[in-house]
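*Asks:* Numbered according to my numbering, the sequence shown spans residues 10 to 402.
Rather than coming from a laboratory, the hints here were simulated on the basis of the structure.
Any given hint could turn out to be false.
[Said to hold, decoys possible] Each computed DSSO-like pair below joins lysine-lysine, with the alpha-carbon atoms no more than 27 Å apart: (1) Lys191 / Lys141; (2) Lys352 / Lys393; (3) Lys373 / Lys44; (4) Lys174 / Lys191; (5) Lys143 / Lys169; (6) Lys322 / Lys393; (7) Lys352 / Lys253; (8) Lys44 / Lys276; (9) Lys253 / Lys241; (10) Lys241 / Lys276; (11) Lys169 / Lys198; (12) Lys322 / Lys44; (13) Lys352 / Lys44; (14) Lys361 / Lys253; (15) Lys322 / Lys276; (16) Lys198 / Lys218; (17) Lys276 / Lys253; (18) Lys393 / Lys373; (19) Lys361 / Lys44; (20) Lys373 / Lys361; (21) Lys352 / Lys373; (22) Lys322 / Lys361.
[Stated by the list, open to error] Pair by pair, the computed Cβ-Cβ distance ranges are: (23) Ala113 / Val222: 16 to 24 Å; (24) Arg250 / Ala57: 14 to 22 Å; (25) Ile227 / Pro279: 24 to 32 Å.
Each residue gets a CB set at the ideal place from its N, CA and C atoms; glycine is no exception.
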Amino acid sequence: MKSKKAGIIFGLIAVGIIMAAVVKNSGGQQVEVVKAVRGTFTLAVEEAGYVQAVDDYEVQAVQAARVAELLVDAGDTVEAGETLMRLSSPELTAETASVRSQLAGTEAELQTAMLSVDSLRLELEQAQNDLKRKEALLKSGALAQAEYDRAELQTAILEKSLAQKEASADGLNNQAASLGQKLNSLEEKAGELQVSSPATGIILDLPVKAGQVVAAGIPLAQIGSDSRLEVKTELLSDEIRRVKTGQTTGITAPVLGDEVLTGRVGKVYPRAYERTSALGVSQRRVPVIINLDRSSNLQPGYEVRVAIETLRKEGVILLPRESVRLTEDGQYRVLVVTAGRVKERLIQVGEKNQQWVEVLQGIKAGEIALRDGSRELEPGSRVKAVTGEQKND
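Work out the full structure: start from the sequences and follow the hints.
*Replies:* Printed below as a string of structure tokens:
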């Protein structure tokens, strides 16, 4: 029995020796490695945004009215001056008709008054001439004083009547001028009931319907330029410290496919606004405008993904982020492979993003490190290094 157990133990030891020899002859356990490279490191702030027109016009109702007829739809391209809709206002129509009627009546009265003034002027001129003639006769003794006095009284009566008629005509003239100005104002208002486009562009929004009653100041249409587009995004206030005007920005969207558009940060708003996220979380966000180098097939209102490049370092040594491990004592380490063996090496790191770590000290370009820096391998362990492509094969 004892000899049987001893045989089993001896067999297990032999298997272990054979397996160790196999591992040794095969170059150690297989590990995936990466090479430290010298390249460009970038940091970017990413956020969703939406496309909007650079020249955006909002057309508002300038008076209370009813939408009588819509002549365009959202998405239509319109020319400057093109009629978008017609409004109606029964009150304005009735008031305009009333003022026009008053003006016509006043002008008729004024015409009659002017005829009376002209007639009285002729009578007064004749009476004044007759009075001068009688004055000469009175001085020569050929005319009685009483007859001269009657002629003088008649002249005075005509002068007073003419002055009254002229005052009345002036009043009617002023009234007609006032009614004329009022009519012009009402006709201008009537002209505003025909709503026209202030610029050539695309109808971005048409928030009213036919038959709807609108008050002054209510938006009727929003029009955007069809040639100049920009992107607006809102960044968390904690992220805005790195963002500055002029920074390069990448724009992606499903509608663009694999195409990546470029742009520049054109404007960073001076203050943050409180926004509620889709999860109901209150956040402080700062609006940022991106000027597009070109818009491709983007249209106003499209949602896009914005990546603002906030930092760029050329010619730095880079390792994948998963290759670098933070130890319990707060130091960064990598597992370097030299001559088929693993060595732990402490490094000094700089900037980090989601993919790469900038290595300041501790490793040189071209040196090999384990891709998975969290692996537990004894220093000096023999390994068989393969690249990711080799391993996949």
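*Asks:* Next step is simple, just say for each hint if it's right about the structure.
*Replies:* Right, here's what the structure says about each hint:
no.	hint	result
1	Lys191 / Lys141	48 Å, violated
2	Lys352 / Lys393	14 Å, holds
3	Lys373 / Lys44	10 Å, holds
4	Lys174 / Lys191	25 Å, holds
5	Lys143 / Lys169	21 Å, holds
6	Lys322 / Lys393	33 Å, violated
7	Lys352 / Lys253	43 Å, violated
8	Lys44 / Lys276	40 Å, violated
9	Lys253 / Lys241	15 Å, holds
10	Lys241 / Lys276	10 Å, holds
11	Lys169 / Lys198	44 Å, violated
12	Lys322 / Lys44	19 Å, holds
13	Lys352 / Lys44	15 Å, holds
14	Lys361 / Lys253	20 Å, holds
15	Lys322 / Lys276	24 Å, holds
16	Lys198 / Lys218	21 Å, holds
17	Lys276 / Lys253	8 Å, holds
18	Lys393 / Lys373	21 Å, holds
19	Lys361 / Lys44	17 Å, holds
20	Lys373 / Lys361	17 Å, holds
21	Lys352 / Lys373	15 Å, holds
22	Lys322 / Lys361	12 Å, holds
23	Ala113 / Val222: 16 to 24 Å	31 Å, violated
24	Arg250 / Ala57: 14 to 22 Å	20 Å, holds
25	Ile227 / Pro279: 24 to 32 Å	30 Å, holds
When the structure is compared with the earlier hints, violations turn up for hints 1, 6, 7, 8, 11, 23 and for no others.
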